[in-house]
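J.: Model the placement of chains B and C on the given structure of chain A, informed by the hints.
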Amino acid sequence: MTASDPPRLRLQAVDVGYTYSGPTATQALETISLDVHDSEFLAVLGPVGCGKTTLLRIFAGFLRPTTGSVACDGSVVEGPGRERGYVLQEDAIFPWMTVRENVEFGLLARGAGPAARGAVSRELIRLIGLSRFEEAYPKDLSAGMSKMVEVARVLATDPAILLLDEPFGALDAQTRARMQDELARLWERRRKTVLFVTHDAEEALYLADRIVVLSPRPGRVKADFRVDLPRPRSLEARFSPAFSELRRRIWESLS
Amino acid sequence: MERLKNQRLMLGLASLGAMVLSYTLLSHSHLLRPEIVPPAREIAVAFTELVVGTHPPPPMEGDVHAGHQMHSSDHVGTLLQQGVTLQGSLAITAARVLFGLAAGVPLGILLGLLMGFSRRADDYLHPIYVLLRSVPPLALITYVMLWLGHSEAHRLIPIVYAVAATMVIPAYHGARDVLGTYVLAARSLGARRWLLIRKVLVPAAGPTVLAGLRYAVAIAWMTAVGSEMLMSENGMGNLIVGGGLWASRTQTKADPAVVIVGIVALATAGWAMDALAKAGTARLTRWVR
Amino acid sequence: MLPRNKKNNFFSGPGIRTRTARGLLSLGALAIVYGVAAEIGRGRLPDRIWLGTHYVENVQLLPPYGSLAEEAVFLLQSGILLSSIAVSAGRVLLGFMLGAAFGILLGIATGRATRAEYLADPWVTFFRFTPALALLPLFVLWFGYGEGSKVLLIAASVAVVTLLGAHQGVRSVPRVYLEAASALGASPGLAFRKIVLPAALPHIFASLRIGLGLAWVTIVVAELIDARMPSLGYLLTLAGAYPRVPTMVVGIATIGALVLAFDLLALAVHAQATRWMRRTA
Numbered sequence: 001m002t003a004s005d006p007p008r009l010r011l012q013a014v015d016v017g018y019t020y021s022g023p024t025a026t027q028a029l030e031t032i033s034l035d036v037h038d039s040e041f042l043a044v045l046g047p048v049g050c051g052k053t054t055l056l057r058i059f060a061g062f063l064r065p066t067t068g069s070v071a072c073d074g075s076v077v078e079g080p081g082r083e084r085g086y087v088l089q090e091d092a093i094f095p096w097m098t099v100r101e102n103v104e105f106g107l108l109a110r111g112a113g114p115a116a117r118g119a120v121s122r123e124l125i126r127l128i129g130l131s132r133f134e135e136a137y138p139k140d141l142s143a144g145m146s147k148m149v150e151v152a153r154v155l156a157t158d159p160a161i162l163l164l165d166e167p168f169g170a171l172d173a174q175t176r177a178r179m180q181d182e183l184a185r186l187w188e189r190r191r192k193t194v195l196f197v198t199h200d201a202e203e204a205l206y207l208a209d210r211i212v213v214l215s216p217r218p219g220r221v222k223a224d225f226r227v228d229l230p231r232p233r234s235l236e237a238r239f240s241p242a243f244s245e246l247r248r249r250i251w252e253s254l255s
Numbered sequence: 256m257e258r259l260k261n262q263r264l265m266l267g268l269a270s271l272g273a274m275v276l277s278y279t280l281l282s283h284s285h286l287l288r289p290e291i292v293p294p295a296r297e298i299a300v301a302f303t304e305l306v307v308g309t310h311p312p313p314p315m316e317g318d319v320h321a322g323h324q325m326h327s328s329d330h331v332g333t334l335l336q337q338g339v340t341l342q343g344s345l346a347i348t349a350a351r352v353l354f355g356l357a358a359g360v361p362l363g364i365l366l367g368l369l370m371g372f373s374r375r376a377d378d379y380l381h382p383i384y385v386l387l388r389s390v391p392p393l394a395l396i397t398y399v400m401l402w403l404g405h406s407e408a409h410r411l412i413p414i415v416y417a418v419a420a421t422m423v424i425p426a427y428h429g430a431r432d433v434l435g436t437y438v439l440a441a442r443s444l445g446a447r448r449w450l451l452i453r454k455v456l457v458p459a460a461g462p463t464v465l466a467g468l469r470y471a472v473a474i475a476w477m478t479a480v481g482s483e484m485l486m487s488e489n490g491m492g493n494l495i496v497g498g499g500l501w502a503s504r505t506q507t508k509a510d511p512a513v514v515i516v517g518i519v520a521l522a523t524a525g526w527a528m529d530a531l532a533k534a535g536t537a538r539l540t541r542w543v544r
Numbered sequence: 545m546l547p548r549n550k551k552n553n554f555f556s557g558p559g560i561r562t563r564t565a566r567g568l569l570s571l572g573a574l575a576i577v578y579g580v581a582a583e584i585g586r587g588r589l590p591d592r593i594w595l596g597t598h599y600v601e602n603v604q605l606l607p608p609y610g611s612l613a614e615e616a617v618f619l620l621q622s623g624i625l626l627s628s629i630a631v632s633a634g635r636v637l638l639g640f641m642l643g644a645a646f647g648i649l650l651g652i653a654t655g656r657a658t659r660a661e662y663l664a665d666p667w668v669t670f671f672r673f674t675p676a677l678a679l680l681p682l683f684v685l686w687f688g689y690g691e692g693s694k695v696l697l698i699a700a701s702v703a704v705v706t707l708l709g710a711h712q713g714v715r716s717v718p719r720v721y722l723e724a725a726s727a728l729g730a731s732p733g734l735a736f737r738k739i740v741l742p743a744a745l746p747h748i749f750a751s752l753r754i755g756l757g758l759a760w761v762t763i764v765v766a767e768l769i770d771a772r773m774p775s776l777g778y779l780l781t782l783a784g785a786y787p788r789v790p791t792m793v794v795g796i797a798t799i800g801a802l803v804l805a806f807d808l809l810a811l812a813v814h815a816q817a818t819r820w821m822r823r824t825a
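Protein sequence lines, in the order shown, are assigned to chains A, B and C.
If you're matching positions, the first sequence starts at 1 in the numbering used here and goes up one per residue.
If you're matching positions, the second sequence starts at 256 in the numbering used here and goes up one per residue.
If you're matching positions, the third sequence starts at 545 in the numbering used here and goes up one per residue.
So here's chain A without its partners, still in its complex pose:
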C-alpha cells in the first residue's frame, strides 16, 4: 500500500441530523457529514450537550437518524453489529459476572467454547494488567478498572471498529492519564478503527490521529484537524511545542 492509496472508508455519515421527540423537541445534530477511515483513531470533540453521544449511538445502530444516513463498510447501518464494538459512557459492566465472565461475554454470544473463551480472556485481562482480579466481582474494582474491563470486553470479540463514548470521563486526572496510556498502547498493538468521543481537548490530542470539533447544540462539524504528532505518544509529547500549537488551535475553534 503506497501513501497515495486513499484509505478505505469504514464509517460514513452523510447529512445526518437527529431530533429527540417529546414535549420539547430538541435537535441534537444538524447535517453532520463524517468519514472515518480504516485504522484511523478519530476523536470527536465538543462541549457538553453538543450531540456527541447521539452521534455515536447512531453509528452504533441504536438510534436511527431523523435525516441522512449512516453506513458501515458500504452498507447502511440497521442496528447494532459485532463489527462495531461500543463502550458506553455509563457504567455497563455486568455486576453479577466476574471480570473474566464479563470479558468472555461477547465470545459466549458467538458460541465459543470454554477453552477458547478462556484463552482470549486471559490474554486480554493480562493486557490491561488485571490478572489478579480475574475472578473478582465488579463491586471490588475501582471505576477506572471497571472501564478497562469494559474495553477488554469489547476487544474480546475483535471488532474492526471501536466506538468509545467518553470512557474515562468519570476518572480522576492521574487515573485518566494512565488509562489513556493503556488505550494508546493497546491501539498501537492492534490498529483498529476508533471513533472516540470526548470533551477533553488534551485527551483528544494525546490519543487521536484526527480530531473533529462539533459546535454546541445543535451539533455541526466546526473543524477537522490532522494530528501529526509522532507515535508512540508519550508523556513528553504532552509538553512539546507541536502539542501546544495544536491545543491553541483547538481552543480557538471551540470558542
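Worth flagging that the hints you see were computed from the coordinates, not collected in a lab.
Values in this document were obtained by computation on a predicted structure and should not be read as measured data.
Backbone N, C-alpha and C fix where the C-beta goes; we use that ideal spot for every residue, glycine too.
Warning: the hint list may mix true and false statements.
[Claimed, not checked] Think about it this way: if two alpha-carbon atoms lie no more than 25 Å apart in a straight line, the pair counts; the simulated DMTMM-like pairs of lysine to aspartate or glutamate are:
no., chain 1, residue 1, chain 2, residue 2
1, B, Lys454, A, Glu101
2, B, Lys260, C, Glu614
3, B, Lys260, C, Asp665
4, A, Lys139, A, Asp172
5, B, Lys454, A, Asp140
6, B, Lys533, C, Glu661
7, B, Lys454, A, Asp158
8, B, Lys454, A, Asp91
9, A, Lys222, A, Glu101
10, B, Lys260, B, Asp432
11, B, Lys533, A, Asp140
12, B, Lys454, A, Glu134
13, A, Lys192, A, Asp224
14, B, Lys454, A, Glu90
15, B, Lys454, A, Glu135
16, B, Lys454, A, Glu123
17, B, Lys533, C, Asp665
18, A, Lys139, B, Glu407
[Said to hold, decoys possible] According to the in silico footprint, chain B covers these stretches of chain C (three or more CB under 8 Å from chain B):
no., segment
19, 560–570
20, 634–640
21, 765–775
T.: For chains B and C alone, coordinates are given in the frame of chain A:
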C-alpha cells in the same frame, strides 16, 4: 462496634424480660380472670400436653396445687382426642406453606417478569392482575369450595394464589428497572434473545425478586393459617381455633394457653423460614454493590 | 431490530392511548369469556353439589350476568350490601389509622435512636412473624366479640408493616443530605423535620399502601371466622351456607372493588405527596 453489639443484646434481653415480668405480674395479680390471662405455668403445661399428646397424670392427694384449675380444658381435650400434637400440626402447616411457595413463587415470578420485560404483555395483563390481586384469596375460599369440595386442593389454592400475587410485583419492578445500559452493552456484544434473557435480564432483576421472596414467605404463612382456621381439621390454624370442623367451632371455647402456645410456635417457625430464605438469597446476591 | 414505527428512538414505544386501549380490550375480553362460560355452564355444569353432609340442588356454579345483576340490585335495595360495606370498611379505616399512627411514630423513633430500636426489636420480630390471624382468638378472648377485637387485630398487622416502613425510611436517608444540612448550620430538630421526614416519605407511603391491603385481607378473614351481621365476611359466610352463589359472587366482587378503590386512593395520595421526587430515567 463491640459495645454496640453488647448493647443490642442487653437491651433486647431487658425488653424481653420486662415483657415476661409484666405478664407474670398481670396473670398473678387476680385483676383479670385466669381464663383470659393464663399464668406461665399453665402455658407450659399446655405446651407439654400438646407436644406429648396426652393428659398429664392427675395430681397426688397432698399436692399443694390440687385445688388449682386442672388443665383438662375443652380445647386441649378436643385436640388430644383427635390425636393432634403441636409438632404434627406445625409440620402440616409448614408443608402447606412450602407447597404454596413451590407453586406460587415460579408462577408469580414468571408473570411479573413477562409484564416487566414486554410492554405489550404489560398493557394486556396488568389490569387483569390488578383485579385479581384485589380479591383477598381467603374470600375466594367459600366459592372454591363449591367447585372442589372439602379437599386439600381447596385449602391450598388460596395459598398459591396469595404467594403468586405477591411475587408478581417484585419481579415486575426488577424486570422494568434493569438498566437500559446493560441491554445496550449486551446487544452490541452480539447477544441475542435467549442469551440476553438468561445472562443479562434475569441476573439483573434477581436481587429485587429475591427481596420479595421473604415477604411472600410471610404471606404464605398467614394465608395457610387463615385457610386452616376456616376450613381444615388439621394444622396450626385448626389447633388455635379449637379443633373440629366449622360447625363445632363455636362450641369449643378457645383456651388462651393453647392459643399462646400456638402463636409462639408459629412465630418461631416463621422466623426460622425467614432466616433460611435470607441466608439462601444472600448467597445469590453476593455480587450486589 | 429497530422498531418499524414512526419513532426513531430505540427506547420509545406505543403511546399512552394504545396502551389504555389494550388494557380495556383485555378486560372486555375477560368479561366476555365469563359471560360465555356462564351461558355454557347453564346447561352443562352440575347443579347438585355435596356440602359435606348433604346435597344441595339448584346451584348455579357460574351465575350468568342476569342473576348477578338481580342479586346485586336486591342486596342494594334491601340495604344489606351497603350496611355490610359500611361496617367492614369502617373497621378497616379505624384499624388502619390506629395501626398506621402507632407504627409510623414507633418506626420513626426506632429509626432515629438505635437504643430504641434494640429495645423494640424482640417485640417487632415477634409480631412480624406471627400471622395476624393467629392473634384473633386471643384478641377475641381479651377484648370480647365486638368491634374492638377486630379493629385491634387490623391495627396490629398495619402497625408492624408501617413500623418497618418508617424505620427503613428514616434509616435510608442519604448521609450526604444530613452532612450538608449540619454544614449549613441546621439544628438536629430542623434537619429532622425538613430533611429526614421528607426523604423518608416514599418508604412510609409504600408501607401504608401495603398495610392497607393487609388490613383488608385481615378483616375479610376475621369476619369469615367470626361472622356476625352485618359485615362483608358474614355476607359471604351466609351465602356459603345455603349456598347462594350469586350472592357469593357479588360479595366477592364488592370486596375486590373496595380493595381496589382503597388501593388506587392510596396510590394517588402517594403520588401526590412524593411529586417532588425526580423520576429516575
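J.: It remains to establish, for every hint, whether it holds in the given structure.
T.: Taking the hints in turn, this is what the structure says about them:
Note on lysine 454 of chain B and glutamate 101 of chain A: the hinted pairing holds, with a Cα-Cα distance of about 10 Å set against a maximum of 25 Å. Straight-line distance between C-alpha atoms of lysine 260 of chain B and glutamate 614 of chain C comes to about 65 Å, which puts the hinted pair past the 25 Å bound. For the suggested pair lysine 260 of chain B and aspartate 665 of chain C, the alpha carbons sit about 13 Å apart, so the restraint of at most 25 Å is met. For a cut-off of 25 Å, the pair hint linking lysine 139 of chain A to aspartate 172 of chain A stands: about 19 Å separates their Cα positions.
Distance hint between lysine 454 of chain B and aspartate 140 of chain A is fulfilled; the C-alpha atoms sit about 20 Å from each other, no more than 25 Å. About 21 Å separates the Cα atoms of lysine 533 of chain B and glutamate 661 of chain C, which keeps this hinted pair within 25 Å; it holds. With a CA separation close to 21 Å, the supplied pair lysine 454 of chain B and aspartate 158 of chain A stays within the 25 Å bound. Restraint check for lysine 454 of chain B and aspartate 91 of chain A: satisfied, since their Cα atoms lie roughly 17 Å apart, inside the 25 Å limit.
Between lysine 222 of chain A and glutamate 101 of chain A, the direct Cα distance comes to roughly 42 Å. Violation of the 25 Å bound is thereby established for this hinted pair. Taking the CA atoms of lysine 260 of chain B and aspartate 432 of chain B, the gap is about 36 Å. The hint is violated against a cut of 25 Å. For the proposed pair lysine 533 of chain B and aspartate 140 of chain A, the alpha carbon gap of about 23 Å is at most 25 Å, so the pair holds. Among the hinted pairs, lysine 454 of chain B with glutamate 134 of chain A is consistent with the structure: their alpha-carbon atoms are about 19 Å apart, no more than 25 Å.
For the proposed pair lysine 192 of chain A and aspartate 224 of chain A, the alpha carbon gap of about 20 Å is at most 25 Å, so the pair holds. A hinted pair counts as satisfied when its Cα atoms are at most 25 Å apart, and lysine 454 of chain B with glutamate 90 of chain A qualifies at roughly 20 Å. In summary, the hint linking lysine 454 of chain B to glutamate 135 of chain A is supported, as the alpha carbons are separated by about 17 Å, within the 25 Å threshold. Pair hint lysine 454 of chain B plus glutamate 123 of chain A holds up; C-alpha atoms about 23 Å apart against a cutoff of 25 Å.
This hinted pair checks out: lysine 533 of chain B and aspartate 665 of chain C have alpha carbons roughly 18 Å apart, not beyond 25 Å. A hinted pair counts as satisfied when its Cα atoms are at most 25 Å apart, and lysine 139 of chain A with glutamate 407 of chain B does not qualify at roughly 47 Å. Judged by the Cβ-Cβ criterion of 8 Å, the segment 560–570 of chain C is covered by chain B as claimed, because 7 of its residues qualify and three suffice. Given a C-beta distance limit of less than 8 Å, the hint that chain B covers the segment 634–640 of chain C is violated, as 0 residues qualify and 3 are needed.
Only residues whose beta carbon comes within less than 8 Å of a beta carbon in chain B count, and the segment 765–775 of chain C has 3; three or more means the coverage holds.
In terms of the numbered hints stated before, the structure departs from hints 2, 9, 10, 18 and 20, listed from lowest to highest.
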